[in-house]
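**Q** Below are the chains, spelled out letter by letter.
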Amino acid sequence: MRRFLSLGLLCLLLLGMTLNAQAQDAETNNPDDAAALELLEALDVDSYAAKGEAITAILQSDDERARDWLQALLDGRLQRTDDGRFVRVLDNRGRDWPVADVLTGEELGEMSRRDLERIGINNNLRNQLRSAIAVVDLYSPSVERRRTSAERLLGEVDAELVPILNDLIEQEEDDQVRYRLTQAVAIYRAEEGEMAGVEALDGSLHPRSRVALSRAANSDDPVVANAATAALTGIEQQLKINRGLETLYFGLSLGSVLVLAAIGLAITFGVMGVINMAHGELMMLGAYTTWGMQQLLPGQPGLALIVSIPAGFMVAALAGVAIERGVIQFLKGRPLETLLATFGISLILQQLVRTVISPLNRTVITPEWMSGSLVVNDALSLTLNRMVVLGFALVVFAGLMLIMRRTRLGLEVRAVTQNRAMARSMGIRATRVDIMTFALGSGVAGLAGVALSQLTNVGPNLGQNYIIDSFMVVVFGGVGNLWGTLVAGLSLGVINQVLEPWVGAVLAKIIVLVFIILFIQKRPRGLFPQKGRAAEG
Amino acid sequence: MTALFSAYPSLSKRFSTVSTSKRLNRRFASALLAAAVMGASAQAIAQDDDPIKVGILHSLSGTMAISETVLKDTVEMLIEQQNEAGGLLGRQLEAVVVDPASDWPLFAERARELLDQEEVDVIFGNWTSVSRKSVLPVVEELNGLLFYPVQYEGEESSENVFYTGAAPNQQAIPAVEYLINEVGIERFALVGTDYVYPRTTNRILEAFLKDEHGIADEDIMVNYTPFGHSDWQNIVAEIRRFGEEGKPTAVVSTVNGDANVPFYTELSNQGIDAADIPVIAFSVGEQELTGIDTGPLVGHLAAWNYFMSVDTDENYDFIDAWIEYTGDDMAVTNDPMEAHYIGFNMWAEAVRKAGTTDVDTVKDAIIGVTVPNLSGGYAAMMPNHHITKPVLIGEIQDNGQFDIVWQTPSTVAGDAWSDYLPGSRDLIADWRKPMECGNFNVVNGSCGGSTAAEEAEAALAE
Numbered sequence: 001m002r003r004f005l006s007l008g009l010l011c012l013l014l015l016g017m018t019l020n021a022q023a024q025d026a027e028t029n030n031p032d033d034a035a036a037l038e039l040l041e042a043l044d045v046d047s048y049a050a051k052g053e054a055i056t057a058i059l060q061s062d063d064e065r066a067r068d069w070l071q072a073l074l075d076g077r078l079q080r081t082d083d084g085r086f087v088r089v090l091d092n093r094g095r096d097w098p099v100a101d102v103l104t105g106e107e108l109g110e111m112s113r114r115d116l117e118r119i120g121i122n123n124n125l126r127n128q129l130r131s132a133i134a135v136v137d138l139y140s141p142s143v144e145r146r147r148t149s150a151e152r153l154l155g156e157v158d159a160e161l162v163p164i165l166n167d168l169i170e171q172e173e174d175d176q177v178r179y180r181l182t183q184a185v186a187i188y189r190a191e192e193g194e195m196a197g198v199e200a201l202d203g204s205l206h207p208r209s210r211v212a213l214s215r216a217a218n219s220d221d222p223v224v225a226n227a228a229t230a231a232l233t234g235i236e237q238q239l240k241i242n243r244g245l246e247t248l249y250f251g252l253s254l255g256s257v258l259v260l261a262a263i264g265l266a267i268t269f270g271v272m273g274v275i276n277m278a279h280g281e282l283m284m285l286g287a288y289t290t291w292g293m294q295q296l297l298p299g300q301p302g303l304a305l306i307v308s309i310p311a312g313f314m315v316a317a318l319a320g321v322a323i324e325r326g327v328i329q330f331l332k333g334r335p336l337e338t339l340l341a342t343f344g345i346s347l348i349l350q351q352l353v354r355t356v357i358s359p360l361n362r363t364v365i366t367p368e369w370m371s372g373s374l375v376v377n378d379a380l381s382l383t384l385n386r387m388v389v390l391g392f393a394l395v396v397f398a399g400l401m402l403i404m405r406r407t408r409l410g411l412e413v414r415a416v417t418q419n420r421a422m423a424r425s426m427g428i429r430a431t432r433v434d435i436m437t438f439a440l441g442s443g444v445a446g447l448a449g450v451a452l453s454q455l456t457n458v459g460p461n462l463g464q465n466y467i468i469d470s471f472m473v474v475v476f477g478g479v480g481n482l483w484g485t486l487v488a489g490l491s492l493g494v495i496n497q498v499l500e501p502w503v504g505a506v507l508a509k510i511i512v513l514v515f516i517i518l519f520i521q522k523r524p525r526g527l528f529p530q531k532g533r534a535a536e537g
Numbered sequence: 001m002t003a004l005f006s007a008y009p010s011l012s013k014r015f016s017t018v019s020t021s022k023r024l025n026r027r028f029a030s031a032l033l034a035a036a037v038m039g040a041s042a043q044a045i046a047q048d049d050d051p052i053k054v055g056i057l058h059s060l061s062g063t064m065a066i067s068e069t070v071l072k073d074t075v076e077m078l079i080e081q082q083n084e085a086g087g088l089l090g091r092q093l094e095a096v097v098v099d100p101a102s103d104w105p106l107f108a109e110r111a112r113e114l115l116d117q118e119e120v121d122v123i124f125g126n127w128t129s130v131s132r133k134s135v136l137p138v139v140e141e142l143n144g145l146l147f148y149p150v151q152y153e154g155e156e157s158s159e160n161v162f163y164t165g166a167a168p169n170q171q172a173i174p175a176v177e178y179l180i181n182e183v184g185i186e187r188f189a190l191v192g193t194d195y196v197y198p199r200t201t202n203r204i205l206e207a208f209l210k211d212e213h214g215i216a217d218e219d220i221m222v223n224y225t226p227f228g229h230s231d232w233q234n235i236v237a238e239i240r241r242f243g244e245e246g247k248p249t250a251v252v253s254t255v256n257g258d259a260n261v262p263f264y265t266e267l268s269n270q271g272i273d274a275a276d277i278p279v280i281a282f283s284v285g286e287q288e289l290t291g292i293d294t295g296p297l298v299g300h301l302a303a304w305n306y307f308m309s310v311d312t313d314e315n316y317d318f319i320d321a322w323i324e325y326t327g328d329d330m331a332v333t334n335d336p337m338e339a340h341y342i343g344f345n346m347w348a349e350a351v352r353k354a355g356t357t358d359v360d361t362v363k364d365a366i367i368g369v370t371v372p373n374l375s376g377g378y379a380a381m382m383p384n385h386h387i388t389k390p391v392l393i394g395e396i397q398d399n400g401q402f403d404i405v406w407q408t409p410s411t412v413a414g415d416a417w418s419d420y421l422p423g424s425r426d427l428i429a430d431w432r433k434p435m436e437c438g439n440f441n442v443v444n445g446s447c448g449g450s451t452a453a454e455e456a457e458a459a460l461a462e
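Chains as they are written, first to last, in full-length UniProt numbering: chain G, 1 to 537; chain B, 1 to 462.
Because the hints were derived from the structure by calculation, they are not lab data. Where is the CB? At the ideal position from N, CA and C, for every residue including glycine. A couple of the hints might just be wrong.
Listed next, with one range per pair, are the computed distances between beta-carbon atoms [what the hints assert, rightly or not]:
#1 B/E457 / G/L339: 30 to 40 Å
#2 B/P226 / G/I435: 34 to 44 Å
#3 B/D317 / G/N218: 57 to 67 Å
#4 G/N377 / B/P226: 27 to 37 Å
#5 G/P298 / B/Y316: 23 to 33 Å
#6 G/P298 / B/A275: 28 to 38 Å
#7 B/Q117 / G/D83: 52 to 62 Å
#8 B/R241 / G/V506: 18 to 28 Å
#9 B/E218 / G/V356: 45 to 55 Å
#10 G/V503 / B/A275: 27 to 37 Å
#11 B/Y316 / G/V356: 54 to 64 Å
#12 G/R424 / B/A461: 53 to 63 Å
Isolated chain G (complex conformation) (with noise of 0.2 Å):
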């Protein structure tokens, strides 16, 4: 694919500069819409290379309209109609789509698929449309689009580009785009075995990069291939600590999701002694709010998440405190009857959302400023979902704490689970307590809920899937510790993304419950055991 080309690219150019230069001296210059209607006749035909030449001629002419005509076809929504006029799909959902007139630009309404004709392209097509529109956009106002196309041109670059190239550089105002088409450039030249090239690449992290260098490396110049080696070696040590950092980041977001779906049973399993085998669903339940959310705040998928936040929080709490009156409070001290109770619970509400809703995953949509990721260098990016995951976790471990520590209400469930008869004869309403406490818990399932629908399919299943190890990073960070659930849900994060390059996905996942197996049979109480009179209750 290097170097496709090499004459089309090159003329691409030329005709960039002139869309770029009649751009500028002629704001309006609309020319006759009959000779554009033959530009855009002279696509639809079957052969492909009568295509090439069709969007070739459409680059060429002073068309202000080209790129559009081009985004389109790249698209697939320029299309045909029954009566021969050229379209733009504008919407293509459903059996009828609004279309506009690519000409005039004036919107036809809806038509059938049916009546409808695709100018279809194959994937040479494409890869040329899509060079074009870089270079086109390299002369483009917007500094995301050059950079975008700057960054499409590293190894794509030929002797014929090289000064068109270096005049851009010059005259490039934003340091980012600059950066890339030197780097382009110098690519460029350490793959032909010049020494400039090789220089300049020196500790350059981008795969482009590594390639021209290996490549250099086999140069029958000995000075040349020698710095080349050398700058290879050095990369390769840079690109170590990228992946062990990006591995270190991989544990902790892993870890991350374990402690926001623990942490909750860390309170009601962990303070209280409920083993609730419905935890997943509540879960699931917040994971759904979020749904809910966006079905009702349509368009707004980064508000509705927000909302959510609150409303998950609430959904699950509630449901928490139903199953708390309803089931668990006449199952006390009684904790085989508890699971299996809150395990009917829990294929209830799986069912109950399964008639009610579908049985179907749900689409949630990720917000834009969670899509994506944030570019550390050429070599680690840090993906911008799980990071906003990995803070959240952290603010509800945080709050959660502090509720623990610092409010009445810590107070009275610590008092309660310590010597629940003692608390009492102090004035504390147990029974209150254990509602509070235990929707506490629920709540931040719901929470974990929300965060879960931005990394997983949100459906019936949600919860199965995060149940066991949920309880598993309790059991590890020991029973009633926060602390501890932290610590664990990390730690058992990074050492399964260790593990996983080595033995695979499933392996590590078995490796990871053999050790917790072996590690409880050594310490029963976990990482962090409770010491003192809690210990004996």
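Chain B: place on chain G using the hints.
**A** This is chain B only, laid out in the frame that chain G set:
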């Protein structure tokens, strides 16, 4: 008289026995004929009241309900259409629906129930390979007919099963050839869910890539994940590094079910664009994409034998009928639905040809039956119980549909036994007389015979 005979096959059968007995004198023959006509028409009337039973064996609950429920609806729709058009052999069709609940051993029990108690004439059903293996010994023992509509790993041909989904040579192999020849891919990451279909398919693909295209060991990466896997960060990072070595790289995905959603999300979050590392999927169709925001996936590929976006009148009619049947304006159609459409029409055609729903007669009559598919061509039933299909490669679009970028010039016949696996390349299946064998070894000239029971046991033990 001829019209009467063709309308009442049982009568024509009786008449032929009568006419061939030359020793009977004419008078006696005509008396017998009169009696036969009366008896047959009485029986025909009874048959009119007695509908043809069509069993539907798809999970309506459990993990596979997502995919299988629409197939149940498809068969019900086809039955409804057939009844509106006057039924089959003058009889109405009746659907018998059972729910095996995504529980593999339960599939066998339900199949037994359909054949033994309900006495259905044909079964349309199954999705996962393990459920098919579980049903296999039952349909062979009770001599039923099963139409299986899903793309699968091959290495099987049963006397009682008709495979209307794609065999590996109708999906996986052409898809990889497309990547090599049209896209210029030199490195392959084979990523799949950890069960029999991805493992067998990847074994075939590995052998194919190495033997036929000389791809080196280090240019093939294989990775398996459990069902419903959601933490893809590390695997996607590995794929990214694998693709950064300078050679054009593609991912061949046999990831099944809803694990695809977090997989594709992670791909787009880590900035892997279809232009850099395209992912070609064998188990992601329109139905699966309804649960995904397809914006970031634009340009990734899928290989099937049908896409909803196929631009033919047959397809638009099918879509219209489906939307009307479901009452959902956004309802989508997919490849296994087309497979049921073809399978159902083939069975109906074979019944018409045979003039009876008798399993043995239909089984022989269906070989060679040709019916239109939805992509403007024809599907024919081959002697190995697989059908001919075109292979289509589509690119995901932002509306959850596929844009067809490549297709085979003609249809491809399904191959039960892969040519790329040792042990399997010498086997052929041919259910016509006199061979009548699903695994005939052309080297030593012997038939392996049915191993349905052992296969079912092995699949269920996993």
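**Q** Given the hint of 54 to 64 Å, check if B/Y316 and G/V356 actually sit that far apart at their C-beta atoms.
**A** violated, 34 Å
**Q** Is it true that the C-beta distance of G/P298 to B/Y316 lies inside 23 to 33 Å, as the hint says?
**A** Since the Cβ atoms of G/P298 and B/Y316 sit about 30 Å apart, the hinted range of 23 to 33 Å holds.
**Q** Indicate whether the distance between the beta carbons of B/R241 and G/V506 respects the range 18 to 28 Å.
**A** Hint holds: Cβ distance 21 Å, inside 18 to 28 Å.
**Q** Return holds or violated for the Cβ distance of B/D317 and G/N218 against the range 57 to 67 Å.
**A** With a Cβ separation near 60 Å, B/D317 and G/N218 satisfy 57 to 67 Å, so the hint holds.
**Q** Using the Cβ atoms, figure out if B/Q117 sits within 52 to 62 Å of G/D83.
**A** About 59 Å separates the Cβ atoms of B/Q117 and G/D83, which means 52 to 62 Å holds.
**Q** Per the hint of 27 to 37 Å, is the separation of the Cβ atoms of G/V503 and B/A275 within bounds?
**A** holds, 32 Å
**Q** Can you let me know if the beta-carbon spacing of B/E218 and G/V356 is within 45 to 55 Å?
**A** holds, 52 Å
**Q** Range first: 28 to 38 Å. Now tell me if the beta carbons of G/P298 and B/A275 are that far apart.
**A** About 31 Å separates the Cβ atoms of G/P298 and B/A275, which means 28 to 38 Å holds.
**Q** With respect to the beta-carbon atoms only, verify the hint that G/N377 and B/P226 lie 27 to 37 Å apart.
**A** Holds: the Cβ-Cβ distance is about 33 Å, inside 27 to 37 Å.
**Q** Holds or violated: 53 to 63 Å for the Cβ distance of G/R424 and B/A461?
**A** holds, 56 Å
**Q** Using the beta carbons of B/P226 and G/I435, state whether their distance is inside 34 to 44 Å or not.
**A** At roughly 38 Å between Cβ atoms, G/I435 and B/P226 fall inside 34 to 44 Å, so the hint holds.
**Q** Okay, B/E457 versus G/L339 on CB: inside 30 to 40 Å?
**A** The hinted range 30 to 40 Å holds for B/E457 and G/L339, with Cβ atoms some 34 Å apart.
Violation of the numbered hints given earlier is confined to hint 11; every other hint is satisfied by the structure.
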